[in-house]
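Chemist: If you want the building blocks of each chain, they are given just below.
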Amino acid sequence: MSHRIPGKGLIDRSRPLRFSFDGRRYEGFQGDTLASALLANGVRLVGRSFKYHRPRGVLTAGPEEPNALVEVLEGKQKTPNVRATVQELYNGLEAQSQNRWPNLRFDVMAVNDRFAPFLSAGFYYKTFMWPRGFWERVYEPAIRRAAGLGALSGLNDDGGYEKAHAFCDLLVIGAGPAGLMAALVAGRAGADVILADEDARMGGRLLADQPEVGGAPGPHWVADVLAELGALPNVHLMARTTVTGAYDGGTFGALERSGLHLADPGELPRECFWRIVAKRTILAAGALERPIAHPANDRPGVMMASAVQSYVARYGVDPGRVVVFGNNDRALQAARDLTAQGVRVVGYVDPRDDVSVLEEFPVYPGGQVVDTRGRLGLRDVAVRHAGGVSILTAETLALSGGWNPSLHLACHLGGRPEWDERIAAFVPRAGMVPGMSVAGAARGRFSTAACLADGRAVAGAVLTDLGLAVPDVALPGAEDRPYAIAPFWAVDAGGRAWLDFANDVTLKDVQQAAREGFSSVEHMKRYTTQGMAPDQGKSSNVAALAVLADATGQGIAATGTTTFRPPYSPVSIGAMGAGGRGMGFAPRRLMTSDSQTRAMGAPMIEAGLWYRPSYFPRAGETTWRQACDREVSMVRGAVGVCDVSTLGKIDVQGLDAARFLDFVYTNRMSSLKPGRVRYGLMLREDGHVMDDGTCARLAEDHFVITTTTAAAGPVMRHLDFVQQAFCSDWALRFTSVTEQWAQFALAGPKARDLLNKTLEAPVNANEFPFMSCGPARVLGVDGRIFRISFSGELGYEIAVPARFGAALFERLVREAEAMGGGAYGMEALNVLRLEKGFITHAEIHGRVTAFDIGMQGMVSAKKDCIGKAASQRAGLAGPEREQLVGLMPVDPQAELSAGAHLYNENDPATRVNNQGYVTSVGYSPTLKSWLALGFLKDGRARHGEIVRLDDGLRGRRVACRVVHPVFHDPQGEKLRD
Amino acid sequence: MRISCPCCGTRDRREFTYYGAADYLSRPAPDAAASAWDDYLHLRDNPAGETRDLWYHDPCGSWLVVTRDTVSHAVLGAEGLT
Chain A
273 MSHRIPGKGL
283 IDRSRPLRFS
293 FDGRRYEGFQ
303 GDTLASALLA
313 NGVRLVGRSF
323 KYHRPRGVLT
333 AGPEEPNALV
343 EVLEGKQKTP
353 NVRATVQELY
363 NGLEAQSQNR
373 WPNLRFDVMA
383 VNDRFAPFLS
393 AGFYYKTFMW
403 PRGFWERVYE
413 PAIRRAAGLG
423 ALSGLNDDGG
433 YEKAHAFCDL
443 LVIGAGPAGL
453 MAALVAGRAG
463 ADVILADEDA
473 RMGGRLLADQ
483 PEVGGAPGPH
493 WVADVLAELG
503 ALPNVHLMAR
513 TTVTGAYDGG
523 TFGALERSGL
533 HLADPGELPR
543 ECFWRIVAKR
553 TILAAGALER
563 PIAHPANDRP
573 GVMMASAVQS
583 YVARYGVDPG
593 RVVVFGNNDR
603 ALQAARDLTA
613 QGVRVVGYVD
623 PRDDVSVLEE
633 FPVYPGGQVV
643 DTRGRLGLRD
653 VAVRHAGGVS
663 ILTAETLALS
673 GGWNPSLHLA
683 CHLGGRPEWD
693 ERIAAFVPRA
703 GMVPGMSVAG
713 AARGRFSTAA
723 CLADGRAVAG
733 AVLTDLGLAV
743 PDVALPGAED
753 RPYAIAPFWA
763 VDAGGRAWLD
773 FANDVTLKDV
783 QQAAREGFSS
793 VEHMKRYTTQ
803 GMAPDQGKSS
813 NVAALAVLAD
823 ATGQGIAATG
833 TTTFRPPYSP
843 VSIGAMGAGG
853 RGMGFAPRRL
863 MTSDSQTRAM
873 GAPMIEAGLW
883 YRPSYFPRAG
893 ETTWRQACDR
903 EVSMVRGAVG
913 VCDVSTLGKI
923 DVQGLDAARF
933 LDFVYTNRMS
943 SLKPGRVRYG
953 LMLREDGHVM
963 DDGTCARLAE
973 DHFVITTTTA
983 AAGPVMRHLD
993 FVQQAFCSDW
1003 ALRFTSVTEQ
1013 WAQFALAGPK
1023 ARDLLNKTLE
1033 APVNANEFPF
1043 MSCGPARVLG
1053 VDGRIFRISF
1063 SGELGYEIAV
1073 PARFGAALFE
1083 RLVREAEAMG
1093 GGAYGMEALN
1103 VLRLEKGFIT
1113 HAEIHGRVTA
1123 FDIGMQGMVS
1133 AKKDCIGKAA
1143 SQRAGLAGPE
1153 REQLVGLMPV
1163 DPQAELSAGA
1173 HLYNENDPAT
1183 RVNNQGYVTS
1193 VGYSPTLKSW
1203 LALGFLKDGR
1213 ARHGEIVRLD
1223 DGLRGRRVAC
1233 RVVHPVFHDP
1243 QGEKLRD
Chain B
-18 MRISCPCCGT
-8 RDRREFTYYG
2 AADYLSRPAP
12 DAAASAWDDY
22 LHLRDNPAGE
32 TRDLWYHDPC
42 GSWLVVTRDT
52 VSHAVLGAEG
62 LT
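Residue numbers (the working numbering), protein chains in the order written: chain A, 273 to 1249; chain B, -18 to 63.
Chain B on its own, in the form it takes in the complex:
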């Protein structure tokens, strides 16, 4: 598996560390309901097909949202957070 880092180009997946679903980007307000925090922290879809998740490119320190297909394993794209 190879991921295109916007900083460094297409690199082997061994250079990346997986974190979790891109849902982690939608942090609720500090005073949001407990259910909102529960959704944010714990509830995830498990799609057969396209999914977006967070990967860290260790050499350059960039966090990326990687769009990939859980069925074909195809990496469809990667973009930085900023």
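For reference, chain A alone in the conformation it holds in the complex:
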């Protein structure tokens, strides 16, 4: 049966849309919301309440909706807790009710409602305390099943989401009369304006109340203004966009529902999360009507008076017979407007005694609604008045307890609003958010004329502030009725009266909270869960704190509000995290050898943002260990090739370059001869090791230093700091060249043979000794060679401009394979350096000193350097320190664990017995044994001792011999070969 009023509303009756709710098929029109379409089909019951599973209907016509939360289905996907009052109808929309079983009309869990006397505020806290272990295993799962709202599909959300940024001179939030007027004035002034409104259609209450503006119906004036704004290149209109949060520096978050209103969104994302940076903002978000807590006020059919007006005027929905219960002049006006539109108002109930009775409908001055009836929908309303109690038969009860300015965004930076007795509501104070002005109903100016005037005036002030000329914009005429209100929050007539519909908080719950000592508004909120549902108490918080203020006798102004925090309305995590899924999570840095490496079947591992090969599998190898062992042996016996381009490379030039490097490295670099390389250690100013690497002097005033892969960024930042803070007048410049050079390590006894296959002028052992560097022509390209080694074998690194990297790598691997070698990956690189006792950030993890790693001798006594003073303080050197050692298991095949702790052989594994820990482990095919590096108290004095490696996590206990950390070729003869 249709509940449409013929010819009424802003819906497009030429475009019918089919949709389903709980599997039943219905029809609505373009321009409907799901809520209006359901109401037009006579569907009043749309959900079950959170705790008591009471039947609930649509309460509002906007984003503040507490009741009508549904699941929207898209194939196997579903979106829970969608507000039916916000979801626009599209053809084929499928929705279902939530928090009910087996169905909406008969819900087993409604038995909770019978136990309501036991389920009052604090019930869970008081009841489920004992036995302690029961909370996690029994109580919480049971409560979670019984309570709650919509459910997730359990599938990954593959929907499209986007993020975007916008900048403007003026952000106008809300496109009602005040916001439109402000945007018009600023738009004509030439300011860059963004006008954002959460509704699909701009106009605010002008679309619902439809007062005359400038002699025409409200929607006509709205259309004219939007047409002008739309034609201005400096004005950007953002409908369906909820500004969700105000942040520092004029930054706002906003959620645009880009494609959620379309059957086929095509290229559009579902939602887009905007960051808007505005020089100035005008908050013109209007006001929200608040209900009155009276007994049984939660029945389907009980609605906000303004919502009834919206459904009639904007959507053409017939509300049936209507009782209006209000305490203010706008409620009375709503009854008049509804009557004028042909709606049967069967009673106007107002607790004020002096209310006008000369109306076209019965008026009950001094009246209160004391009860309602109707199992799954309102049937009649009990009104107590001077003449006794009358039962009025009605399908709709329209409530109006007054209006709360939508000041949420003005409070997001911690500002507290002030109580305005005149309108019995909180209003924003000036300057709560820097750069934000508030206009219209959002600051308590409720008539249409006042909103229009305020929008113009506030925009004028903002334009002046921005240094723009204020254009002369005429004010259209509009209603300017006064707004008189007598504060009235609740009818205390026995029975349950609901304050927070979404979280099932009643008048008694709040009164009980006050009685039990939870009399601060923040405590009351947490004790009762008032305002903690998805609607965040938009329509209920003020009434609840008024009831609290009454119970404590403190008064509302002194009681104050709870803290307003973003987001203003729910934002899907998918939108906030847009672009961050899968590969979008972090940028990828790929080596020039990447495609060939992958083509060779190497599994890639992440090293910071880089992707590096773990190992290069060959036919017949079934485990990574087989490949790793083979690659290690290949390097020790022939030659291996490894892409080391990920190491940070910093080019340092200038007359003072050497002086600068002396200052940032512990050791002296100024004594390095051109053409030579030196290992270098950097400390943090607090005396701990920051990074290590090589420093190559290409010319008197030209160095290239390397950093570890992980520390490339931090080291660059550090060098910038040292230079800008302490030696900005020195003659030097430096820049990162990590991306500009592809660099490959050649390691193994045949490394020189391999190198010479690429050089126009071959090198020999003596003329280019260990730790040499210099320019070289590499296969016709100007490159550089360095005789350095991270493997302990004869080693070289070749660097060429990055654009030649892929070709060089391909050539080197091919040549190496012909020589019995090949490419090696990170696993082998790690074993090679471990055998040689070379450290990585596993060892220099931020808490070790130069002393700890045995490099105290590298801190030059002859010069100052960053970290030197602190490195010499007491406690950073000495036998009490844990020092770098090598560990070899007594049984060579006993597997070791990194992260395990070290104990004296017979000590229990307790904290006080701890002797140290293991940082790196690996199996050495060279030594046919597991090896580890670790830190041991006074370790250098304990070589030869047996300690116990204890890995409690894996139940692994291994006796290990403490040895010098260099396991392989301790004299370094191979390097100098």
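Honestly, the hints are just simulated from the structure, not real lab data. As the structure is a prediction and not an experimental result, all values here were calculated from the model. Each hint should be verified, as a subset may be incorrect.
Cut-off 20 angstroms, straight-line C-alpha distance, at most; resulting in silico cross-link-like pairs (SDA-like, lysine to any residue) [stated by the list, open to error]:
hint : chain 1 : residue 1 : chain 2 : residue 2
1    : A       : 1135      : B       : 12
2    : A       : 435       : B       : -7
3    : A       : 435       : B       : 24
4    : A       : 1140      : B       : 19
5    : A       : 1135      : B       : 10
6    : A       : 1140      : B       : 10
7    : A       : 551       : B       : 16
8    : A       : 551       : B       : 12
9    : A       : 435       : B       : -17
10   : A       : 1140      : B       : 4
11   : A       : 435       : B       : -8
12   : A       : 1140      : B       : 24
13   : A       : 551       : B       : -17
14   : A       : 435       : B       : -6
15   : A       : 551       : B       : -6
Given chain A, work out where chain B should sit, using these hints.
Modeler: Then chain B, alone, in the frame of chain A:
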């Protein structure tokens, strides 16, 4: 939060990396007393109000002293070190 980089203009704080108090600029002499180094490295005021700290603008490599208010979060100014 937005910071005005003297090189690049007003930019989002995501482009900046925080380091610490501007005290780091007053490096003691190498032979200063241990207490001076302790002050320099470890002792910091925790003001409710104006504070000066060091931020690095990653895209241009500039270190800045940013003056800001820890109560209102207002950024009051930013200047380069050189």
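Chemist: If a hint holds in the structure, say so; if it doesn't, say that too.
Modeler: Hints, verified against the model:
no. : hint            : result
1   : 1135(A) / 12(B) : holds, 11 angstroms
2   : 435(A) / -7(B)  : holds, 15 angstroms
3   : 435(A) / 24(B)  : violated, 41 angstroms
4   : 1140(A) / 19(B) : holds, 13 angstroms
5   : 1135(A) / 10(B) : holds, 12 angstroms
6   : 1140(A) / 10(B) : holds, 11 angstroms
7   : 551(A) / 16(B)  : violated, 46 angstroms
8   : 551(A) / 12(B)  : violated, 50 angstroms
9   : 435(A) / -17(B) : holds, 19 angstroms
10  : 1140(A) / 4(B)  : holds, 18 angstroms
11  : 435(A) / -8(B)  : holds, 18 angstroms
12  : 1140(A) / 24(B) : holds, 19 angstroms
13  : 551(A) / -17(B) : holds, 12 angstroms
14  : 435(A) / -6(B)  : holds, 17 angstroms
15  : 551(A) / -6(B)  : holds, 16 angstroms
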